[in-house]
Amino acid sequence: MPNLPFELIEDILRRLPVKSLKRFRAVAKTWCYLIESDNFINLHLRQSLISTSHRNLIIGGLGVYSVDLETLDKAHVIKPPFYYKSVDGISNSCNGIVLVMSDPLVLWNTFSREYMTLPNCSTEMQAPFESYGKVAYGFGYDSESDDYKVVRVAEFRHKITHIWMASETKIFSLRSKSWRRIGDFPYALPFLRGNWRVHLNGVMHTLVEDPEEIEAAAVIMAFNLRTEKHTPIMLPSEIRIRGVDVSLDVLDGCLCVVCTSRHRVVIWVMKEYGVRKSWMKLLTISPPLIERNDIVKPLTYSRDGAKVLLNCDDKRLLWYDLANHTAEEVVVEGFPFVFYAEVCVESLVKLDNSVAEVKKKVQRKEKRKGKIRSTRDDFLSEGFKLDPLVKQNIVTSVYPRKSNKALCLGEIQIFWLQEAGSSGDEELTGKSSLNSSVNLFVHGSSKAALLVELVI
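To convert, note that position 19 of the sequence shown is 229 in the numbering used here; the numbers rise steadily by one, no gaps.
The set of hints was computed from the structure by calculation and includes no laboratory data. Ideal Cβ placement from N, Cα and C applies to all residues, glycine included. One thing to keep in mind: the hints can contain errors.
To be verified - Computed cross-link-like contacts, SDA-like style, restricted to lysine to any residue with a CA-CA straight-line distance of at most 20 Å:
| id | residue 1 | residue 2 |
| --- | --- | --- |
| 1 | Lys517 | Leu282 |
| 2 | Lys289 | Val542 |
| 3 | Lys439 | Asp356 |
| 4 | Lys229 | Val287 |
| 5 | Lys560 | Leu253 |
| 6 | Lys560 | Gly271 |
| 7 | Lys289 | Leu253 |
| 8 | Lys232 | Glu246 |
| 9 | Lys284 | Gly271 |
| 10 | Lys295 | Leu282 |
Stated by the list, open to error - Just the calculated beta-carbon pair ranges, DEER-fashion:
| id | residue 1 | residue 2 | range |
| --- | --- | --- | --- |
| 11 | Lys525 | Asp357 | 22 to 30 Å |
| 12 | Asn434 | His372 | 43 to 51 Å |
| 13 | Met490 | Arg323 | 35 to 43 Å |
| 14 | Asn503 | Pro314 | 47 to 55 Å |
| 15 | Asp524 | Phe216 | 19 to 27 Å |
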């Protein structure tokens, strides 16, 4: 293989899908270090966000599926690496990560298969007398602090009148891995159906009833994940919520509002964020192109921008031609009968478990096998004794003697920096996927295998 400049290799690799990059980590140690680096992960993400070739539909239904938006030909089953019930569903996606609405909540990168189970979040405030509660969640990214955050709003309403009484808001930070209470959301949330999924540029958006309007009207309330402040965004003056089902979505980087009545669906798009005059009516669609009372969700534009992909009532996909005002149904092999669709970009964004969690998994596995020892002095070859200063936090195993392959210990990957000798004890210095230095001690190696001790 000819020697290519490092910058050229990096530029080529960042344009590839995640599935290929995961395979190419085994090509060379330098490639593996590059692909696992934070800088490359950010480069790949930026490329995915501006490209049309790294986008997929994540389908939630009786299982989880992925569909390539370029072809829309076949739904591929994704098996979650955690317990998933079909009733859980998924919330919005952000930079390749989706929020799984399970109990407990799970953040999941469906492409790298990494996930994180969120700690339980309880309600601190005492529920008002004769009230019932409902909870809504939202997920987004704060670019200022480079942190992913989950917002939880618990709302309390009167059991009989259903009048809003109080609410409690908490936020989870992926960096701190903990929940904390923030200023309560000051509005009722009648438009939220379990999730707060409209995220755009570090801001969560939801529709609320406008208390300033005499007639029935609504306003978009924007919650900034960095400042944790609420800001109103006005809807087009033509929109009224009486007799109309109003929903909020994001269409290729722009806020959009879908107004559904018995006879038609109208979709508005905000071309310039925060500017009321920039609202533009994108399309009006009515029967027989759609069925009466269909709930329509816009997903994405076609490559040439001439069509919009619509999810109609969570049962079928349509390409709507903006110029000819025609619709064509999309048939995808392997689609569930009822589904929820979310556009998701491919990414390598990490959701690594901590070293402590890896150690706990190893200990639990050994307990199940009844192999927990009071001392580890005898787990290596006969006659070998561990130094007391380094005998803690170790994992051992036997691996095939291949100097160009990665060693996988639980969720930690170690890569050879040199080849061990045919005999004797040697110490190798490696680097783990957790970006922490480790030491490899090779004991009594042979041509067939190496007995490796990993000191974390």
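Going through the hints against the structure:
{"no.": "1", "hint": "Lys517 / Leu282", "in the structure": "holds, 14 Å"}
{"no.": "2", "hint": "Lys289 / Val542", "in the structure": "holds, 19 Å"}
{"no.": "3", "hint": "Lys439 / Asp356", "in the structure": "holds, 18 Å"}
{"no.": "4", "hint": "Lys229 / Val287", "in the structure": "holds, 15 Å"}
{"no.": "5", "hint": "Lys560 / Leu253", "in the structure": "holds, 14 Å"}
{"no.": "6", "hint": "Lys560 / Gly271", "in the structure": "violated, 25 Å"}
{"no.": "7", "hint": "Lys289 / Leu253", "in the structure": "violated, 27 Å"}
{"no.": "8", "hint": "Lys232 / Glu246", "in the structure": "holds, 9 Å"}
{"no.": "9", "hint": "Lys284 / Gly271", "in the structure": "holds, 15 Å"}
{"no.": "10", "hint": "Lys295 / Leu282", "in the structure": "violated, 25 Å"}
{"no.": "11", "hint": "Lys525 / Asp357: 22 to 30 Å", "in the structure": "violated, 37 Å"}
{"no.": "12", "hint": "Asn434 / His372: 43 to 51 Å", "in the structure": "violated, 29 Å"}
{"no.": "13", "hint": "Met490 / Arg323: 35 to 43 Å", "in the structure": "holds, 39 Å"}
{"no.": "14", "hint": "Asn503 / Pro314: 47 to 55 Å", "in the structure": "violated, 35 Å"}
{"no.": "15", "hint": "Asp524 / Phe216: 19 to 27 Å", "in the structure": "violated, 47 Å"}
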